[in-house]
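**Q** Now for the letters of each chain:
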Amino acid sequence: MASMRDIKRRKGSIQSTQQITKAMKLVSTVKLQKARNRAEQSNPYFNYMYQTVTSMLARSGNINHPYLKAGSSKKKAVIAIASNRGLAGGYNSNIVKLITGSDMAREDAQIYMIGRKAKEVLVRKGYEIKADYSDVIEGPTYEDASMICKDVLGAFSRGEIGEIYLAYTHFKNTVSHEPTLMKLLPIEFDEAELKEADSNVLMNYEPNEEETLDLIIPKYMTSLFYGALVEAVASENGARMQAMDSATSNADEMISDLTLKYNRARQGSITQELTEIIAGAEAIS
Amino acid sequence: MAENFQLQIITPDRIFYEGEASMVEFTSVDGEMGVYKNHIPLTTVLAPGVVTITEAGGKKDAAIHAGFVQILGDKVTFLAEIAEWPDEIDVARAEAARERAEERLRNHGAEVDVARAEIALKKALVRIGVKQ
Chain A
107 MASMRDIKRR KGSIQSTQQI TKAMKLVSTV KLQKARNRAE QSNPYFNYMY QTVTSMLARS
167 GNINHPYLKA GSSKKKAVIA IASNRGLAGG YNSNIVKLIT GSDMAREDAQ IYMIGRKAKE
227 VLVRKGYEIK ADYSDVIEGP TYEDASMICK DVLGAFSRGE IGEIYLAYTH FKNTVSHEPT
287 LMKLLPIEFD EAELKEADSN VLMNYEPNEE ETLDLIIPKY MTSLFYGALV EAVASENGAR
347 MQAMDSATSN ADEMISDLTL KYNRARQGSI TQELTEIIAG AEAIS
Chain B
41 MAENFQLQII TPDRIFYEGE ASMVEFTSVD GEMGVYKNHI PLTTVLAPGV VTITEAGGKK
101 DAAIHAGFVQ ILGDKVTFLA EIAEWPDEID VARAEAARER AEERLRNHGA EVDVARAEIA
161 LKKALVRIGV KQ
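Protein chains in written order, with my numbering: chain A, 107 to 391; chain B, 41 to 172.
Please keep in mind that the hints were generated in silico from the structure rather than gathered at the bench.
Note that the Cβ used here is the ideal one computed from N, Cα and C, for glycine as well.
Please note: incorrect hints may appear among the correct ones.
[As the list claims (entries may be wrong)] Listed next, the stretches of chain B that the computed footprint assigns to chain A, with coverage defined by at least 3 CB atoms under 8 Å from CB atoms of chain A:
{"id": "1", "region": "67 to 78"}
{"id": "2", "region": "83 to 89"}
{"id": "3", "region": "133 to 145"}
[As the list claims (entries may be wrong)] Derived CB-CB ranges, DEER-like:
{"id": "4", "chain 1": "B", "residue 1": "E128", "chain 2": "A", "residue 2": "Q121", "range": "22 to 32 Å"}
{"id": "5", "chain 1": "B", "residue 1": "E43", "chain 2": "A", "residue 2": "R264", "range": "26 to 36 Å"}
{"id": "6", "chain 1": "B", "residue 1": "A155", "chain 2": "A", "residue 2": "K175", "range": "40 to 50 Å"}
{"id": "7", "chain 1": "A", "residue 1": "Q121", "chain 2": "B", "residue 2": "I159", "range": "38 to 48 Å"}
{"id": "8", "chain 1": "A", "residue 1": "Q125", "chain 2": "B", "residue 2": "G98", "range": "30 to 40 Å"}
{"id": "9", "chain 1": "B", "residue 1": "G98", "chain 2": "A", "residue 2": "S355", "range": "17 to 27 Å"}
{"id": "10", "chain 1": "B", "residue 1": "G98", "chain 2": "A", "residue 2": "E316", "range": "31 to 41 Å"}
[To be verified] Calculated Cβ distances over 10 Å to all of chain A for the following chain B residues:
{"id": "11", "residue": "E43"}
{"id": "12", "residue": "W125"}
{"id": "13", "residue": "P126"}
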């Protein structure tokens with residue numbers, strides 16, 4: 107049985123760890139609320155953008171545009187959004203698993219990485235990191251999103267990559283976040299969704315349809331990507347909050363367990379001392 | 041008096057404007073446009089410029105940079121990357137940006153992105169224009 111002093115020391119260290127996890131939980135709760143508000147505010151823009159692009163494509167039928175068909179290159183670009191910090195439960199490793207578990211060949215994937223933690227793992231696994239924008243995740247702005255999109259789209263139009271994917275964590279609600287792998291380019295819509303889009307109004311385009319698509323599709327991508335960024339920030343903080351919450355309650359459990367052991371050890375040592383004294387007294391008399 | 045229609049200006053960060061307006065004027069890539077109710081359905085790309093909203097209470101100006109507008113009969117929706125009211129604009133900063141852009145355009149070397157400097161100059165000019 108561990109000595110009283112050992113148990114006491116261990117309990118102390120768990121208590122101080124618990125204080126840290128508790129503080130981290132509070133911090134990420136506040137951050138989560140902020141990130142959630144931002145995600146909600148960017149939602150109308152994103153939804154409307156999606157509607158516009160779907161209805162545009164529904165009306166224009168099979169328009170022949172480079173953004174709508176896969177490039178000749180076999181390479182696939184993946185924009186992966188994870189975090190710079192750990193201690194967020196499975197948040198980072200889920201993104202890594204999403205990429206390694208997909209049917210993409212490792213040689214074909216080119217990763218545009220956001221988030222140092224997941225980058226380390228992917229590098230170790232032998233993935234090619236094309237670019238690293240890890241600082242963006244600290245406070246994503248629309249300009250950041252548009253800059254990264256421009257880089258990736260540039261590579262697409264130069265024919266270096268044939269498809270573009272986006273790996274991020276979708277923020278469903280505070281407790282449930284879903285790692286999602288989404289195809290950005292070429293744009294693919296479900297037939298059903300296209301039919302649903304109202305196609306009864308005849309829309310005119312200025313300058314013309316092709317040029318408008320040319321301008322709108324990068325914006326559409328940027329808005330998707332920006333939406334993913336703000337959602338990922340919300341998910342990260344949500345994941346961290348949960349992880350820290352369970353760490354705090356685990357620490358509670360351990361502390362109560364150790365308190366019990368400590369009391370038992372103390373009682374044991376008292377009993378032992380008494381027995382020794384009595385035995386000693388008897389020996390003298 | 042012209043009839044009112046629904047007007048929405050949405051940016052990635054917020055819903056910038058939502059309300060009833062009788063007319064809206066803006067700059068598209070093809071030139072300036074004014075839209076009343078029951079305009080033909082039209083989607084057009086915005087150029088950096090001033091948007092003037094005429095509502096019951098009077099006129100309102102705002103600066104808009106990059107985006108597009110969808111006009112559908114009684115509903116007009118702007119999707120703008122950046123939209124600002126005059127009181128949100130920092131004139132000193134816009135002036136500085138203008139000077140910087142002009143400087144770049146005047147004596148640019150090979151490494152200067154001319155198109156980018158032109159866009160920056162345009163943005164600065166729009167901001168200053170709205171403020172006045």
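**Q** If a hint holds in the structure, say so; if it doesn't, say that too.
**A** Status of the hints after comparison with the structure:
1. Under the rule that three or more residues need a Cβ within less than 8 Å of chain A, the assignment of the region 67 to 78 of chain B holds, with 3 such residues.
2. Figure legend: the region 83 to 89 of chain B, annotated as covered by chain A; annotation consistent (3 residues with Cβ-Cβ distances under 8 Å, at least 3 required).
3. Restraint check on the region 133 to 145 of chain B versus chain A: 0 residues with Cβ-Cβ distances below 8 Å, three needed, restraint violated.
4. Take B/E128 and A/Q121: their Cβ atoms lie about 49 Å apart, and the range 22 to 32 Å is violated.
5. In this structure the hint that B/E43 and A/R264 lie 26 to 36 Å apart at CB is violated, the actual value being about 49 Å.
6. Evaluation of the 40 to 50 Å hint for B/A155 and A/K175 yields a failure: the beta carbon distance comes to about 27 Å.
7. Under the hint 38 to 48 Å, the C-beta atoms of A/Q121 and B/I159, about 57 Å apart, miss the expected range.
8. A hinted range of 30 to 40 Å for the beta carbons of A/Q125 and B/G98 is inconsistent with their spacing of about 58 Å.
9. A hinted range of 17 to 27 Å is violated for the C-beta pair B/G98 and A/S355, which are about 58 Å apart.
10. About 40 Å separates the C-beta atoms of B/G98 and A/E316, a value consistent with the hinted range of 31 to 41 Å.
11. Here B/E43 stays apart from chain A, with its beta-carbon at least about 19 Å from theirs, past the 10 Å limit.
12. Its beta-carbon lying about 17 Å from the closest one in chain A, B/W125 satisfies the requirement of being farther than 10 Å from that chain.
13. For B/P126, the non-interface assignment is confirmed: its Cβ lies about 21 Å from the closest Cβ of chain A, beyond the 10 Å cut-off.
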